[in-house]
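Peer 1: Listed below are the residues making up each chain.
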Amino acid sequence: MEEVVFFAGAIGALGGAIAVVALRNPFYSVLALVVHLVALAGLFLTLHAEFIAAAQVVVYAGAVMVLYVFVAAYVGGVEEPEWEPIAGQKYMAPILAVALFVELSIAILGTGLKAIGDEGPTIPLGFGSPESIGTLMLERFLIAFEAASILLLIAAVGAVVLAARKREGGTPAEREAQNASEEVAGFGG
Amino acid sequence: MSATAFGWLILLFPLAGSILIGLGHRRWPAKTAGWIGTAAIGLAFAAAIGAFLSLLGEPAEERQLTSSAWDYATSVGLDIQLGILVDPLSVVMCLVVTGVSTLIHLYSTAYMVSDKGYARFFSYLNFFVFSMLLLVLAGNFVLLIVGWAFVGFASYALISFWYRRGTATAAGMKAFVINVVGDIGLVLAAFLIFREVGAFEYLTVFEESREHFETNEGSIVAICLLLLVGAFAKSAQIPFHTWLPDAMEGPTPVSALIHAATMVTAGVYLIARAHPLFELAPTAADIAAFVGLATLIVAATIALVVTDLKRIIAYSTMSQIGYMIVGVSIGAYTAGIFHLMTHAFFKALLFMAAGSVIGAMAGNQNIDRMSGFRRAMPFTSLALIVGGLALAGFPLMSGFFSKDEILVFAAERGGMYWIFAIGGYAAAFLTAFYAFRIGFRVVLGEPCEEAKEVERGGLAHGEHENPATGEKEDTEVGFPGSEHHIAERAPGMKIAMGVLAMLSIVAGFIQLPGVTAGMEHFLEGSFEESELFHIVPSEGSAYTGLLIGGLMAFAGIGVAYLVYVARPGLTGRLRSRMEGVHGFLQRKWYFDEAIDFLVYRPAIKLGQFSNNVIERVVVDGIVSVTAGAVREAGLLVRGAQSGFVRAYALLVLGGFAALALYFLVVSS
Amino acid sequence: MAVEWYLVLSALLFATGAAGVLLRRSPLVVLLCLELMLNAGNLALLAFARSTGTEDGHVFALVVIVVAACEVVVGLGLIVAMFRRRLPLNVDELRGLKG
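Chains as they are written, first to last, in this note's numbering: chain H, 1 to 189; chain U, 1 to 668; chain L, 1 to 99.
The set of hints was computed from the structure by calculation and includes no laboratory data.
Each residue gets a CB set at the ideal place from its N, CA and C atoms; glycine is no exception.
Among the clues, some could well be false.
To be verified - A few chain U residues that face chain L, going by a derived Cβ cut-off under 10 Å, partial list only:
| id | residue |
| --- | --- |
| 1 | Leu-56 |
| 2 | Gln-641 |
| 3 | Val-645 |
| 4 | Tyr-648 |
Unchecked claim - Straight-line C-alpha distance at most 25 Å; calculated SDA-like pairs for lysine to any residue:
| id | chain 1 | residue 1 | chain 2 | residue 2 |
| --- | --- | --- | --- | --- |
| 5 | L | Lys-98 | U | Ala-16 |
| 6 | L | Lys-98 | U | Glu-632 |
| 7 | U | Lys-116 | U | Thr-215 |
| 8 | H | Lys-90 | U | Leu-636 |
| 9 | L | Lys-98 | U | Lys-116 |
| 10 | L | Lys-98 | H | Glu-3 |
| 11 | L | Lys-98 | U | Tyr-648 |
| 12 | L | Lys-98 | H | Ile-86 |
Work the whole structure out from these sequences, hints included.
Peer 2: In structure tokens, the structure reads:
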């Protein structure tokens, strides 16, 4: 039973991933990613990471992907030209990716990590519950928690600044530049 | 005060004078420079007398005193002091140098007075005297070389004093380059001495060398030959003599001081000072004597035909220095140094008189145009005659005793040395002849235009041209002065010439053979361990030698009278009959051409080869190939900076994959 | 399931994401592929958490999600700004680093 769920999730995740990479229309890629994320959430559940699975669906697939959808709709489809300007990129990229995969697999499967050959120790009840994660966050990983919070803040501010609509006259720097160019034009005229 | 203290004072006064004049030449009126300069040398002369008297107070064996100011360069195995050696030889030289220099400075205050470079002249002249005194007073070979080089520089500065004249600067460079060749010889000799003996101080070297060297051993002969290279370059002996006639481009006081009395005698001084080394290498000493003999004959023959007044006197100097070199090389130290002293007197006198005559001739130096100055310039004419008599070796003049004593000594040594005596007497005849060539030409005969001008009370004025090339000169810039001066009207010149004339007459009496031996006794302090010094010719041979010398002088003067006064057209007919010989002598035995061919042209070719091949092809080639390689490598690497983000990402991933592969391989 | 299955799957997803970053030219899709890589990492983290029996991996998976969210926000903001200034939405057109 567990294997079935695992393989279902794996195929979903893999399929979604390949679809993200292969589909031409970016909007479809976004949707493929959503599928991928939900499949991953299922896999998280098999790993007894319930809270993370929930967070994945709610935050990631829910909020972040909605953002993507909005932007994809706003920006629209981008026609990607067929011709590859960088020499050799079209062939080197898959080759390198495969090489990477093979190396990682060798590392994983060929190592003497005895521990990964089995399922792992018996897990206690409440493993992966919000309670245990919360305790960990506020006790052992407090600094990481705080840092992540600050990061969120900075990201929010940064996004607003980056995407702000141009005000009449533009930012102060842009107004300076415009005044300077007007002066020069006045002399030149 | 001790003798060495006087020694330092002798050095100090001219140096201070030079610096003082140099620093203040714009602030004070020009004439002050002249007085400061003369006073500085006068004080040095007083200090030299002090040193002389102080040395006399010491017992004869202890008259070699050294004093060191500070350690010049000391390290392991090396000990060079800034030290002077005050001994009879150096004191005699100092007396001569400072004495004659004082008189020449006095002469210059009047002679150079209308020259815009007056202060510069005195600064250089004082510096020259300082350098010469440093050379003479040096107590070790290193300081000798320092003084030697300074003297060379001072000579260059003074020869090309009128630096707007092309001929003057060329002559200055020629003198300097030949002097540098001599310097090389001297420096190499110093290195060899240090390698063999391990010291530079004179007294140490001379003592050690007696134990260290066998007679005529290869290294000591090499050292002496190298010292001779230096001596010959400085004293204008063959083959390094070509600079001296050209050096007459300098002002007449410079010719009088440097190229008659002092600098050119530095070679003689060197051989006399290093006599222990030369006595250990008789081969080298003999070579020196032969070179001196060759020079004295060659120069005398050239002086018979050249027509520039100062150049005749210059060749005469070369010839007389040949006598001195012969003297100190064969061991006649007393006679050689004595002749150095008397020669300084009468040669400086001759140059001063020549300066006066040239002043009357408005800068023209061609002897063929001069005649009959006896009424117009009586004092100058008398000075010329007195100088000529001393030069010719007329009996009882100073030159008579000094020159003949060398030749008598040569005869006394016998054997091979007879050749020096014979050659010397033959040249004495020639010397007397050309000395009175000048004398009779300039003094007797019909007064020329310029002489008549002077008689009338005026002074001839020329076009301010370069006498050699006829190029017009600009005296507003100052070179040379806009006015010329003659002795009759300038008291400074008169006093200097008068004193020298007196000395030319009486100086002989301090070393009369058999009667007085002032010079010999005094110099004994420096030469006591030399065997050759103690060879004293018997009175009989001395008197015979003097007799022969006197006869030569009379003969020479007589023939000159015949040729120039009694039968005026004789020289013209002789010249047309002996065209070849005359041409050969006129071209100065083709020495200049030989040096041009043997030395100058190969050097130029070497320089051109170095420039075209080594510099352009090899060196530049290496540099540009290297630069090219670096540039190509840079262009190659630049290809990776494409600007494509995806390419960079590919590189990142590729690198990561490679790293992972490496770790996999290593850990397996 | 043994943990190694999850790890191999994670490696596969990571490689796929990497290939996508290198091959696609639309910045939007490049960001999506970056998400793939991040999620692969998350999977690996959780697999190891399961195998060691501790929840440290869970905490860090959360942090990774936070980081991913921030990165997406900034990245999309950039894309919107580019679109507003009418710059071509093509990673290859941005060649300022050339030289």
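Peer 1: Each hint should be assessed against the structure and marked as holding or not.
Peer 2: Hint check results:
no., hint, verdict
1, Leu-56, "violated, 89 Å"
2, Gln-641, "holds, 5 Å"
3, Val-645, "holds, 5 Å"
4, Tyr-648, "holds, 8 Å"
5, L/Lys-98 / U/Ala-16, "violated, 70 Å"
6, L/Lys-98 / U/Glu-632, "holds, 18 Å"
7, U/Lys-116 / U/Thr-215, "violated, 56 Å"
8, H/Lys-90 / U/Leu-636, "holds, 23 Å"
9, L/Lys-98 / U/Lys-116, "violated, 70 Å"
10, L/Lys-98 / H/Glu-3, "violated, 50 Å"
11, L/Lys-98 / U/Tyr-648, "holds, 11 Å"
12, L/Lys-98 / H/Ile-86, "holds, 13 Å"
Checked against the numbered hints given earlier, this structure breaks hints 1, 5, 7, 9 and 10; the rest are met.
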